[in-house]
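There are 4 protein chains.
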Amino acid sequence: MKPKVGFMGLGIMGAPMAANILKAGYPLTIYNRTLAKAEPLAKLGAKVAASPKALAQDSQIIIAMVTGPEALYELLFGPEGAAAAFGPEQVFINMSSVSPSFTLELGKELAPTAIRFVDAPVSGTKKPAEDAQLVILAGGNQKRVEELEPLFLTMGKKVIYCGKTGQGSMMKMFINLLLGLMMEGFAESVNFGRLGGLNLETMLEVVSSGAMNAPMFQVKATNIRNKTYPASFPLKHLAKDAKFVLDTAYELGAPVPAGQMLLHLYRLGVAQGWGDEDISAVMKVMEHLSGK
Amino acid sequence: MKPKVGFMGLGIMGAPMAANILKAGYPLTIYNRTLAKAEPLAKLGAKVAASPKALAQDSQIIIAMVTGPEALYELLFGPEGAAAAFGPEQVFINMSSVSPSFTLELGKELAPTAIRFVDAPVSGTKKPAEDAQLVILAGGNQKRVEELEPLFLTMGKKVIYCGKTGQGSMMKMFINLLLGLMMEGFAESVNFGRLGGLNLETMLEVVSSGAMNAPMFQVKATNIRNKTYPASFPLKHLAKDAKFVLDTAYELGAPVPAGQMLLHLYRLGVAQGWGDEDISAVMKVMEHLSGK
Amino acid sequence: MKPKVGFMGLGIMGAPMAANILKAGYPLTIYNRTLAKAEPLAKLGAKVAASPKALAQDSQIIIAMVTGPEALYELLFGPEGAAAAFGPEQVFINMSSVSPSFTLELGKELAPTAIRFVDAPVSGTKKPAEDAQLVILAGGNQKRVEELEPLFLTMGKKVIYCGKTGQGSMMKMFINLLLGLMMEGFAESVNFGRLGGLNLETMLEVVSSGAMNAPMFQVKATNIRNKTYPASFPLKHLAKDAKFVLDTAYELGAPVPAGQMLLHLYRLGVAQGWGDEDISAVMKVMEHLSGK
Amino acid sequence: MKPKVGFMGLGIMGAPMAANILKAGYPLTIYNRTLAKAEPLAKLGAKVAASPKALAQDSQIIIAMVTGPEALYELLFGPEGAAAAFGPEQVFINMSSVSPSFTLELGKELAPTAIRFVDAPVSGTKKPAEDAQLVILAGGNQKRVEELEPLFLTMGKKVIYCGKTGQGSMMKMFINLLLGLMMEGFAESVNFGRLGGLNLETMLEVVSSGAMNAPMFQVKATNIRNKTYPASFPLKHLAKDAKFVLDTAYELGAPVPAGQMLLHLYRLGVAQGWGDEDISAVMKVMEHLSGK
Numbered sequence: 000m001k002p003k004v005g006f007m008g009l010g011i012m013g014a015p016m017a018a019n020i021l022k023a024g025y026p027l028t029i030y031n032r033t034l035a036k037a038e039p040l041a042k043l044g045a046k047v048a049a050s051p052k053a054l055a056q057d058s059q060i061i062i063a064m065v066t067g068p069e070a071l072y073e074l075l076f077g078p079e080g081a082a083a084a085f086g087p088e089q090v091f092i093n094m095s096s097v098s099p100s101f102t103l104e105l106g107k108e109l110a111p112t113a114i115r116f117v118d119a120p121v122s123g124t125k126k127p128a129e130d131a132q133l134v135i136l137a138g139g140n141q142k143r144v145e146e147l148e149p150l151f152l153t154m155g156k157k158v159i160y161c162g163k164t165g166q167g168s169m170m171k172m173f174i175n176l177l178l179g180l181m182m183e184g185f186a187e188s189v190n191f192g193r194l195g196g197l198n199l200e201t202m203l204e205v206v207s208s209g210a211m212n213a214p215m216f217q218v219k220a221t222n223i224r225n226k227t228y229p230a231s232f233p234l235k236h237l238a239k240d241a242k243f244v245l246d247t248a249y250e251l252g253a254p255v256p257a258g259q260m261l262l263h264l265y266r267l268g269v270a271q272g273w274g275d276e277d278i279s280a281v282m283k284v285m286e287h288l289s290g291k
Numbered sequence: 000m001k002p003k004v005g006f007m008g009l010g011i012m013g014a015p016m017a018a019n020i021l022k023a024g025y026p027l028t029i030y031n032r033t034l035a036k037a038e039p040l041a042k043l044g045a046k047v048a049a050s051p052k053a054l055a056q057d058s059q060i061i062i063a064m065v066t067g068p069e070a071l072y073e074l075l076f077g078p079e080g081a082a083a084a085f086g087p088e089q090v091f092i093n094m095s096s097v098s099p100s101f102t103l104e105l106g107k108e109l110a111p112t113a114i115r116f117v118d119a120p121v122s123g124t125k126k127p128a129e130d131a132q133l134v135i136l137a138g139g140n141q142k143r144v145e146e147l148e149p150l151f152l153t154m155g156k157k158v159i160y161c162g163k164t165g166q167g168s169m170m171k172m173f174i175n176l177l178l179g180l181m182m183e184g185f186a187e188s189v190n191f192g193r194l195g196g197l198n199l200e201t202m203l204e205v206v207s208s209g210a211m212n213a214p215m216f217q218v219k220a221t222n223i224r225n226k227t228y229p230a231s232f233p234l235k236h237l238a239k240d241a242k243f244v245l246d247t248a249y250e251l252g253a254p255v256p257a258g259q260m261l262l263h264l265y266r267l268g269v270a271q272g273w274g275d276e277d278i279s280a281v282m283k284v285m286e287h288l289s290g291k
Numbered sequence: 000m001k002p003k004v005g006f007m008g009l010g011i012m013g014a015p016m017a018a019n020i021l022k023a024g025y026p027l028t029i030y031n032r033t034l035a036k037a038e039p040l041a042k043l044g045a046k047v048a049a050s051p052k053a054l055a056q057d058s059q060i061i062i063a064m065v066t067g068p069e070a071l072y073e074l075l076f077g078p079e080g081a082a083a084a085f086g087p088e089q090v091f092i093n094m095s096s097v098s099p100s101f102t103l104e105l106g107k108e109l110a111p112t113a114i115r116f117v118d119a120p121v122s123g124t125k126k127p128a129e130d131a132q133l134v135i136l137a138g139g140n141q142k143r144v145e146e147l148e149p150l151f152l153t154m155g156k157k158v159i160y161c162g163k164t165g166q167g168s169m170m171k172m173f174i175n176l177l178l179g180l181m182m183e184g185f186a187e188s189v190n191f192g193r194l195g196g197l198n199l200e201t202m203l204e205v206v207s208s209g210a211m212n213a214p215m216f217q218v219k220a221t222n223i224r225n226k227t228y229p230a231s232f233p234l235k236h237l238a239k240d241a242k243f244v245l246d247t248a249y250e251l252g253a254p255v256p257a258g259q260m261l262l263h264l265y266r267l268g269v270a271q272g273w274g275d276e277d278i279s280a281v282m283k284v285m286e287h288l289s290g291k
Numbered sequence: 000m001k002p003k004v005g006f007m008g009l010g011i012m013g014a015p016m017a018a019n020i021l022k023a024g025y026p027l028t029i030y031n032r033t034l035a036k037a038e039p040l041a042k043l044g045a046k047v048a049a050s051p052k053a054l055a056q057d058s059q060i061i062i063a064m065v066t067g068p069e070a071l072y073e074l075l076f077g078p079e080g081a082a083a084a085f086g087p088e089q090v091f092i093n094m095s096s097v098s099p100s101f102t103l104e105l106g107k108e109l110a111p112t113a114i115r116f117v118d119a120p121v122s123g124t125k126k127p128a129e130d131a132q133l134v135i136l137a138g139g140n141q142k143r144v145e146e147l148e149p150l151f152l153t154m155g156k157k158v159i160y161c162g163k164t165g166q167g168s169m170m171k172m173f174i175n176l177l178l179g180l181m182m183e184g185f186a187e188s189v190n191f192g193r194l195g196g197l198n199l200e201t202m203l204e205v206v207s208s209g210a211m212n213a214p215m216f217q218v219k220a221t222n223i224r225n226k227t228y229p230a231s232f233p234l235k236h237l238a239k240d241a242k243f244v245l246d247t248a249y250e251l252g253a254p255v256p257a258g259q260m261l262l263h264l265y266r267l268g269v270a271q272g273w274g275d276e277d278i279s280a281v282m283k284v285m286e287h288l289s290g291k
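Chains as they are written, first to last, in numbering that gives the first Met the number 0: chain P, 0 to 291; chain Z, 0 to 291; chain G, 0 to 291; chain U, 0 to 291.
Fair warning: there could be bad hints in the mix.
[Claimed, not checked] Straight line, CA to CA, 20 Å or less: simulated EDC-like cross-link-like pairs of lysine to aspartate or glutamate:
id	chain 1	residue 1	chain 2	residue 2
1	G	K156	U	E204
2	G	K157	U	E200
3	G	K107	G	E69
4	Z	K242	U	E250
5	G	K226	G	E204
6	U	K156	G	E204
7	U	K163	G	E200
8	P	K226	P	E200
9	U	K107	Z	E69
10	G	K163	G	E104
11	U	K142	U	E88
12	G	K235	G	D275
13	P	K156	Z	E200
14	G	K107	G	E250
15	P	K157	Z	E204
16	G	K157	G	E146
17	Z	K156	Z	D130
18	Z	K242	U	D246
19	G	K156	U	E200
Calculated from the structure, these hints are not laboratory results.
Isolated chain P (complex conformation) (with noise of 0.2 Å):
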């Protein structure tokens, strides 16, 4: 028989996360701030609980996919968090992405309720996510996250795993600073080759052709080609992402000069209002500070 499982987090990820576990079979809690995203997924036959320590409650396995620490922290550590409903029987799988730092700590502040931590960020957008196609980078307790298995399964296509606590997260730092400086220099060479007269469907046809093609590029494209940028990633996240990266970054004495490049871009467009369309909009970045 599938555990019981409970879900925080209905958003953009989150959402299509849930719904697949609830498709895949196992009886499904869920709990969101906004009570409004938990009505599609109640009318498929998710049950919502009124708190996150009510969900805690009545579920063997937890997973919380939210914006970040601060979110995660008031889910767990806030009035009526799940934490206080933690036992050494269950399984808390935290799923948004922060920094290594953090989930270290979390980890410590976690021990006094004996609950098994798994921490388990995703590499993948909301389309990857609809389709169950996600890369789980999974850190913590190898036997464990083998044991999970089966239930990242019905979220993604494959589980990494990645180390000791706290890998997870540093891998998923570590994909999404290559995403960030992926997008950015395609965004940085397209406009640069618009400036110099060449056609947006050459440029394309020239990256498809060599060693450069990324399936990102062409998805991306789509959206530079419409002028149009619906979230896939919001803007607004991965700066928030690169500052952990940063962090972490300076922790470990790692170099990123690039990287230091990328924030400040991703933060022009967030100063431009610009954050909640998707990061390939760091397109407009560049136009904007074309003057052109």
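We have chain P; now place chains Z, G and U onto it with these hints.
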């Protein structure tokens, strides 16, 4: 009957390109400043010219593939330069990487000879050059480019027409900017992950499982794994191309914040004496900056 | 009669500051984690406390001058911490460099003790500290700051009131950002001139003849001339302060593109093992990057 | 008897410099592309030449003070250019800002005329030019520079001999790099302080009380206070000079990480249409990036 081709510049790229023309049955005359590099091709049946001018006198189509504007200028207008033998019945194809403004200027300087001029740099490095898998980025008269397609396809898999004279060079700047940014971004991210305790192979698995997966990453990872960087595309050449990109961006008023960072970092590599290693040796720059 | 002062932290800055308080006739109790540093002052008549708590019990005004938030936190809230002995009749002055948000948080954590809290970091390095020529950047209750002016003026030449609690720290961030940028700018320019064949003394003459002439340049040029960088302000401390600046800038939404570059460059110096040398050792970073 | 001087280029800098030569009693012939700018000086007794060539025919010492290499080239070698009338009895002084390599090339191109060539750009902006308080940065034959000192001192307060031909221009690059970095650093810091709630006047008081106090800050603060940026040194000219600095740094292998950032930021100002405002309008760039 196939036209007589003259090929000047037999470096990492030029040598295999010329060999592929020869294999395809074109009568081939070659010239290289250092004669030794001409020998392997001479053994295969190429005729060796004593000077660029002698080569031009002997060829209907003249190709140049050298390391930059200075070398190209010397070949064309130096002592016994090729341009002295150029005439209206011939075609001159520059496949070297130069800036669009240099290409336009070159076109003007060649105008008195009445030679037909095509700018056609390539996307691809050593291996694609050897395998005749380059992508030809052609600028100039479109009908003429089409007529040259059979010749181009002895060296590459595809010809992409980019626009009038100079647009081939512009496209090359575009794709090299993207290449440079992706290479640096990959090295910066992998070094960050390394210092955070991640395993190289696990990082590669994550990259190859997601939307950032570009062929170049797996290829360049081999160098990083082996800690040896044999030049497929020498670091110093990318540093030089980055300077052309910045000069072009300045003329266009195009913001290239990450591109500027790029030049800074690749030049650090050159300053450390790694200019003749592959562009992936930017990984050594990142390690060097880390001090560990 | 002068109030009893307790001074915690006897480093490069703290030792001369405490000495100046003592010379001005204030009864002084001192505490330092490493006891040896307290001896010179003890010989001059200062009383050495066995713990921060003991110091606090013995003082009406308690001053802390340590290297950052962790050290400060330890002094106040660690074992035998000073805060345990704080009460409404006392004043606590933090003169250490910390971020404004840390200062605000600290204010909240001290609130239960009812101690009166003033944040008062300083502008100036070792020499001004010795000569009682510091500039005190005070934040908090304005009347209280005025009452403390005689005490501040034993250490400095001027008190500048910056606003409510946290604004002293904000002003310190501002001036350290400017200091860091000017120091880096000077080193980058002088290294550029050096590589271009210019003489150091001639460059200094040009600087001193124009509108860019700041006193720090002539002082720091001495280190560059002698190729030895005794710490007046250690490089690693500026790197740390630069991180606080970036964190603060992130919270404020303030663009600090050069500030980010700064952190990158100063951290390179720390990575090379020059963290205990003066901030002017950023000149060594520039030379190192040059490879010559 | 004073030698006959010809002065070409009557912009923000050239007009007051020429006026000071005239006031000192030198017979003066002037030329400017836009004739209107010559009128005020003509009223004071200057002779207006119809072309650069006519000016050269009429002068023993010819001075050029224009906005860059293109304008200078045009004056010397364009139609009715000055160089056509140059001979061994004359001296040509270039006071315009150009790169050292351009200066060296110019020297070669002038060699056939046998004219004696001195490169002598200046440190200082509009006000020092009006007050004859410029600093002359001279390169070339040292004895010749000494002979010209009386003439230089009609325009400036000091002549600094920098070395052989090209070193005057190199010193100008050096000082403009420092100027650009300090101006940007000041704007970045003040904008950061502003967003953190600090008062402009309090920030200025802190700056003026410490080792960072450079005369330019108080002058440029006036523009920031008034939110109006009348050009003492136009932003677009500094952007141009920054490009010369980067080109020179590239040739020298000199790392200029902050200099690259600088060019990026000043060009943003030009892209926004602020190129004719003062360099202190980089403050507007910072505010613009802040989005508030």
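Check: Holds or violated: K142 of chain U with E88 of chain U, Cα cutoff 20 Å?
Finding: Holds, at roughly 16 Å.
Checklist line | Distance restraint between K156 of chain G and E204 of chain U, which requires alpha-carbon spacing of 20 Å or less | finding: Holds - the C-alpha atoms of E204 of chain U and K156 of chain G are around 13 Å apart, at most 20 Å.
Checklist line | Hinted pair K242 of chain Z and E250 of chain U, Cα distance within 20 Å | finding: Holds, at roughly 10 Å.
Note to self: Can you confirm whether the C-alpha distance between K157 of chain G and E146 of chain G stays at or below 20 Å?
What the structure shows: Holds, at about 14 Å.
Check: Given the hinted pair K156 of chain P and E200 of chain Z, is their alpha-carbon gap at most 20 Å?
Finding: Status holds; Cα separation ~19 Å.
Check: Given the hinted pair K156 of chain Z and D130 of chain Z, is their alpha-carbon gap at most 20 Å?
Finding: Answer holds: K156 of chain Z to D130 of chain Z is near 9 Å, not above 20 Å.
Notebook entry, point to check: Are K226 of chain G and E204 of chain G close enough, with their CA atoms no more than 20 Å apart?
Noted result: Distance ~19 Å between K226 of chain G and E204 of chain G Cα, so the pair holds.
Check: Under the criterion that the straight-line Cα-Cα distance not exceed 20 Å, is the pair K163 of chain U, E200 of chain G satisfied?
Finding: Holds, because 16 Å separates the two Cα atoms, which is no more than 20 Å.
Note to self: Check the hint pairing K163 of chain G with E104 of chain G against an upper bound of 20 Å on the C-alpha distance.
What the structure shows: OK: K163 of chain G and E104 of chain G at ~14 Å, within 20 Å.
Item checked: Straight-line alpha-carbon gap K235 of chain G to D275 of chain G, limit 20 Å -> 6 Å, holds
Check: Given the proposed pairing of K157 of chain G with E200 of chain U, does the C-alpha separation stay at or below 20 Å?
Finding: Holds, because 15 Å separates the two Cα atoms, which is no more than 20 Å.
Notebook entry, point to check: Does the alpha-carbon distance linking K107 of chain U and E69 of chain Z stay inside the 20 Å limit?
Noted result: 19 Å, holds
Going through the hint list in order, the structure satisfies each hint without exception.
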